[in-house]
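Here is how the chains run, residue by residue.
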Amino acid sequence: AQSVTQLGSHVSVSEGALVLLRCNYSSSVPPYLFWYVQYPNQGLQLLLKYTTGATLVKGINGFEAEFKKSETSFHLTKPSAHMSDAAEYFCAVTSNTNAGKSTFGDGTTLTVKP
Amino acid sequence: NAGVMQNPRHLVRRRGQEARLRCSPMKGHSHVYWYRQLPEEGLKFMVYLQKENIIDESGMPKERFSAEFPKEGPSILRIQQVVRGDSAAYFCASSLRIAGAQETQYFGPGTRLLVL
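Protein chains in written order, with my numbering: chain A, 1 to 114; chain B, 1 to 116.
Hints in this document: simulated from the structure, not taken from any laboratory. Note that this is a predicted model, so its numbers are computed, not measured. A hint or two may mislead.
Looking from chain A toward chain B, a few residues come up when the C-beta cut is under 8 Å (computed) [unchecked claim]: (1) Q42; (2) G43; (3) L44; (4) L48; (5) K49; (6) D85; (7) A87; (8) F90; (9) K101; (10) F104; (11) G107; (12) T111.
Beta carbons: idealized from backbone N, C-alpha and C, even for Gly.
Okay, chain A solo, but in the shape it has when bound (with noise of 0.2 Å):
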């Protein structure tokens, strides 16, 4: 069984500020783990993903991730907020046992002040 948890449902920053968002998983097997952004009324665009190696994701749009197994961890950074960065993040998992499927989070709302 995997799952994910995405900690936050809204998170607000100012231009240039550091963004965080927090996902913590659940999974018996190994995980491979993703982050997708979503525009309004679009799809989901994947920004970066961990699979094996690694543990230090980079990502488009200047984006990053740390997978810590330690704390079931893969939060999402960004050193300086854009305003283009508004929109709705991600977090999802999958394994090899899983594949073909993957398990989302309810999704974090980052909303950036001018």
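Following the hints, position chain B against chain A.
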């Protein structure tokens, strides 16, 4: 290189009618996944199909919902006798091979179904 296509983008149905949602995967992709997103929630897996085969339908409601991915043409998600609780955004994703570590699922823009 077109991405995943879904149509219609918006669909309005009255209770009891049928809804047909179409998904054309990316060129060369033979794996299709359907997800449902209820308001204020994340995506929930519904079904995973390959050409002419349903691989995993563990997320599909037992009644009124069906999916297919024929040899030719798009994948279809069919909802019979819709009820208000079916109102949601339905997303399709595709991958070249089975999605997992090495394969990314590419998502379509979704179909927003509203049941009156």
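Each hint tested on the structure:
1. Q42: 6 Å, holds
2. G43: 4 Å, holds
3. L44: 4 Å, holds
4. L48: 11 Å, violated
5. K49: 7 Å, holds
6. D85: 19 Å, violated
7. A87: 14 Å, violated
8. F90: 6 Å, holds
9. K101: Holds, about 5 Å.
10. F104: Hint on F104 of chain A: holds, closest Cβ of chain B at ~4 Å, below 8 Å.
11. G107: 5 Å, holds
12. T111: Because about 15 Å separates T111 of chain A from the closest Cβ in chain B, which is outside the 8 Å limit, the hint is violated.
Violated hints for the displayed structure, listed by number in ascending order: 4, 6, 7 and 12.
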